[in-house]
Amino acid sequence: MLKRVLLSLLVASALSTAAFAEEPKSGGVINAVIQPEPPGLMVGLVQNGPTQMVAGNIYEGLLRYSPKLEPLPGLAESWSVSEDGKVYTFKLRKGVTWHDNKPFTSADVAFSIDFLKQTHPRARGNLAQLDKVETPDDYTVVFTLKQPFGPFLGIFEVGSLPIIPKHIYEGTDYKTNPANNTPIGTGPFMFKEWQKGSFIRLVKNPNYYIKGLPHLDEIYWHVIPDAAARAVAFETGKIDVLPGGSVENFDVPRLTKLKNVCVTGAGWEFFSPHSWLWLNNRSGPTANKKFRQALMYAIDRNFAKDVIWNGLAKVATGPSASTIKYYTDKVTTYDYDPAKAKALLKEAGYNGEKVRLLPLPYGETWQRWAEAVKQNLQDVGINVEMIATDVPGWNQKVSDWDYDIAFTYLYQYGDPALGVGRNYISSQISKGSPFNNVEGYSNPEIDQLFADGATAFPDSKREEIYLKAQKILTDDVPVAWQLELQFPTITRCNVKNLVTTAIGVNDGFRDAWLDK
Amino acid sequence: MLAFIAQRLAKAVVVLLAIVVFNFMLIRMAPGDPAMVMAGEAGASDKIFVAQLREKFGLDQPLPVQLYRYVKGIVTLDLGFSFRQQMPVAKLIAERLPATLLLTVTAFAISLLLGVLFGTLAARFAGTWADTAITILALIFYATPLFWVALMAILLFSVSMDWLPSFGYETVGANYTGFAHVLDVGAHLILPATTMGLFFMATYARMTRASMLEVKRHDFVKTARAKGLRDAVIQRRHVLRNALLPVVTLAGLQAGTLVGGAVLTETVFAWPGIGRLMYEALLQRDYNLLLGVFVVCSAMVLAFNLITDLIYRAVDPRIEFAS
Numbered sequence: 000m001l002k003r004v005l006l007s008l009l010v011a012s013a014l015s016t017a018a019f020a021e022e023p024k025s026g027g028v029i030n031a032v033i034q035p036e037p038p039g040l041m042v043g044l045v046q047n048g049p050t051q052m053v054a055g056n057i058y059e060g061l062l063r064y065s066p067k068l069e070p071l072p073g074l075a076e077s078w079s080v081s082e083d084g085k086v087y088t089f090k091l092r093k094g095v096t097w098h099d100n101k102p103f104t105s106a107d108v109a110f111s112i113d114f115l116k117q118t119h120p121r122a123r124g125n126l127a128q129l130d131k132v133e134t135p136d137d138y139t140v141v142f143t144l145k146q147p148f149g150p151f152l153g154i155f156e157v158g159s160l161p162i163i164p165k166h167i168y169e170g171t172d173y174k175t176n177p178a179n180n181t182p183i184g185t186g187p188f189m190f191k192e193w194q195k196g197s198f199i200r201l202v203k204n205p206n207y208y209i210k211g212l213p214h215l216d217e218i219y220w221h222v223i224p225d226a227a228a229r230a231v232a233f234e235t236g237k238i239d240v241l242p243g244g245s246v247e248n249f250d251v252p253r254l255t256k257l258k259n260v261c262v263t264g265a266g267w268e269f270f271s272p273h274s275w276l277w278l279n280n281r282s283g284p285t286a287n288k289k290f291r292q293a294l295m296y297a298i299d300r301n302f303a304k305d306v307i308w309n310g311l312a313k314v315a316t317g318p319s320a321s322t323i324k325y326y327t328d329k330v331t332t333y334d335y336d337p338a339k340a341k342a343l344l345k346e347a348g349y350n351g352e353k354v355r356l357l358p359l360p361y362g363e364t365w366q367r368w369a370e371a372v373k374q375n376l377q378d379v380g381i382n383v384e385m386i387a388t389d390v391p392g393w394n395q396k397v398s399d400w401d402y403d404i405a406f407t408y409l410y411q412y413g414d415p416a417l418g419v420g421r422n423y424i425s426s427q428i429s430k431g432s433p434f435n436n437v438e439g440y441s442n443p444e445i446d447q448l449f450a451d452g453a454t455a456f457p458d459s460k461r462e463e464i465y466l467k468a469q470k471i472l473t474d475d476v477p478v479a480w481q482l483e484l485q486f487p488t489i490t491r492c493n494v495k496n497l498v499t500t501a502i503g504v505n506d507g508f509r510d511a512w513l514d515k
Numbered sequence: 000m001l002a003f004i005a006q007r008l009a010k011a012v013v014v015l016l017a018i019v020v021f022n023f024m025l026i027r028m029a030p031g032d033p034a035m036v037m038a039g040e041a042g043a044s045d046k047i048f049v050a051q052l053r054e055k056f057g058l059d060q061p062l063p064v065q066l067y068r069y070v071k072g073i074v075t076l077d078l079g080f081s082f083r084q085q086m087p088v089a090k091l092i093a094e095r096l097p098a099t100l101l102l103t104v105t106a107f108a109i110s111l112l113l114g115v116l117f118g119t120l121a122a123r124f125a126g127t128w129a130d131t132a133i134t135i136l137a138l139i140f141y142a143t144p145l146f147w148v149a150l151m152a153i154l155l156f157s158v159s160m161d162w163l164p165s166f167g168y169e170t171v172g173a174n175y176t177g178f179a180h181v182l183d184v185g186a187h188l189i190l191p192a193t194t195m196g197l198f199f200m201a202t203y204a205r206m207t208r209a210s211m212l213e214v215k216r217h218d219f220v221k222t223a224r225a226k227g228l229r230d231a232v233i234q235r236r237h238v239l240r241n242a243l244l245p246v247v248t249l250a251g252l253q254a255g256t257l258v259g260g261a262v263l264t265e266t267v268f269a270w271p272g273i274g275r276l277m278y279e280a281l282l283q284r285d286y287n288l289l290l291g292v293f294v295v296c297s298a299m300v301l302a303f304n305l306i307t308d309l310i311y312r313a314v315d316p317r318i319e320f321a322s
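Protein chains in written order, with numbering that gives the first Met the number 0: chain B, 0 to 515; chain F, 0 to 322.
These aren't lab readings, by the way, just hints derived from the structure by calculation.
Careful, some of the hints might be misleading.
List time: in silico DSSO-like cross-link candidates among lysine-lysine, alpha-carbon distance up to 30 angstroms [said to hold, decoys possible]:
{"no.": "1", "chain 1": "B", "residue 1": "K116", "chain 2": "F", "residue 2": "K10"}
{"no.": "2", "chain 1": "B", "residue 1": "K174", "chain 2": "B", "residue 2": "K101"}
{"no.": "3", "chain 1": "B", "residue 1": "K174", "chain 2": "F", "residue 2": "K46"}
Computed from a predicted model, the values in this text were never measured in an experiment.
Bound conformation, chain B alone (with noise of 0.2 angstroms):
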């Protein structure tokens, strides 16, 4: 089964190439899940996961990601960087308009950077070596930067970095702005309806800057909130796209052997969503280094790909997924061994305390994965106990610092300055959030080496400093890397050209068509 599954994803890696030779057809309706409702879809205000993936057909970004994660014209059309890494100027597309007609010009982009920084922490953080944002004209963007930002031209994608209309937005006050509620961008597809717990519909925007595009004529996104009834509504044809994570990892076999059913583990390539186990460096246990590299001996990682993910994953070999910049597996590499693991529990001196084990609460794929760890530690005479929570509930307890051993999958954004370092510099120790050094870990060589790895120029010191810090961090386990996961989108085969750049689906369904 597992061998299947990985055929059909080259298979269907293998036609979405050769979909381009097709000749689109135009028009047609697209039924697609999402999972679970947005709370919104301005997403210059609302960042979650559902509210990206729709609100991706509405508004865009700067710049595009090839599943490779290089820079590809969205509103810009081209761009140029200064000989000392710290002059871009964008060239903006002409002729673009918002779905209220009113035309599309820098000033929207100046605008949309200062919004941004009052409503989006990840855009804040990206643009904190930001000077100046100028603008000569209305279609050139200049933005000085304090120094030179190595990942920069890797922070202008739709959901990082949204284009916002000024004319909409300027001297209002943005959270109770009523246009909140009916989202205007330049995007491919229009809000048109939402009935709350029932669908959001989009429609094609027949002004749309490149012609011919969108194919489609509408899209629904329908709200299903029990995971097999979404199961079934693919199933029995009522749903067209399964977007990764529709469904428990269990169904995925299932639902790729019926007929005319693709899937590809494309489309993740931007997030390269990482799996961890937050280890509390602070107190208990896990602040011993050779309990935790014990951990790492103690769990099949293997197992957790195979059975668990139905191989729909990589184990993880450190803090960088193999899928970003500057990854290398040249590293400290545990292989299961439970004799190892044991004799390493024996040096650090464990005496049985007991270990609290906070599973993700995001459904059954991750509590069984949960179960599973624990097996793996008891086998090798570790206490767990394993704490039951709600979403809000772990939120808190992973905020507040109160756990052992927690379960995470973080997004890398491409860029070790965006997405990895965050998780191990000590200024990023901060009580109340998720996301950012949970685990405690602190370490002046490291903090230093990712503060470096951010400014150096040209990329070739960037390399060689995050080589260096991936050496260090897997010596130091400050966390159990698990899995690189991969989220499969499940699509009828006559849905074509849905994934084409390095955020899938969230870059919206500008390119899709249907074969009818």
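Could you slot chain F onto chain B? The hints should help.
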């Protein structure tokens, strides 16, 4: 009777306020808050972001102030604002309430009609194969978990036979009007309403059966028979009417769940009702929305209790209103 109703209504208001305060405190005892949830879902957050959210939700105020504000709102019939859904709570509830009422009233009608019918039949033919069949079926439906029945029904009627839709309230995008629309909603209604009604149907059937068998032994039934009344008349007027009282009590209880009791069914069938709204509000710690649903549900339960009491009297005139 009017005095009775007025007195009950006055009591209801006090109970409702107590419910509001009690629920308010109870919800706040759960770990995590909406700012935490939204920050968590954003995949990245910092202190400023969480603080902004807390301020927006009014969570930066001391708890008594929040409670005072909320109760003040309730008294003026303002249920507050759901920041998560970006809509006034009253509007959200009003949008979703009809779907839930349609579902639960249908389920209620199905379970009451079929339950009493099967119970009567079973009592009438007590000891025969028909009685045994009905009793066994009732036992099965009584004992089987609702979500399992729902999934099996979907598997059978949607996946295998493709007769009925498996999710939603209507065919999205079909834009049916008039009678076609009614048929469409009806088709979507069958599975959830039936699965939801099965449990209570079983209960009514068993209760009607037991109650009728008991009433049958009473002297007035013998008298009626001695008078030479036809059997059908005896069953209907003398036995069933007297046997229905416990069923009415139970139906009153079920009626209380008409508003909020559909969480599982609505989730499995993606029915856009209030039960799901409540469940999601709980998972997202959307305090205003959750409290709003509680308030509406509690008000309905109180109303149904009152109605049940009035029906008692209609069924059995010997019962008097205590004033």
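Evaluation of the provided hints:
no., hint, verdict
1, B:K116 to F:K10, "violated, 53 angstroms"
2, B:K174 to B:K101, "holds, 22 angstroms"
3, B:K174 to F:K46, "holds, 18 angstroms"
Comparing the model with each earlier hint shows a violation of hint 1 alone; every other hint is respected.
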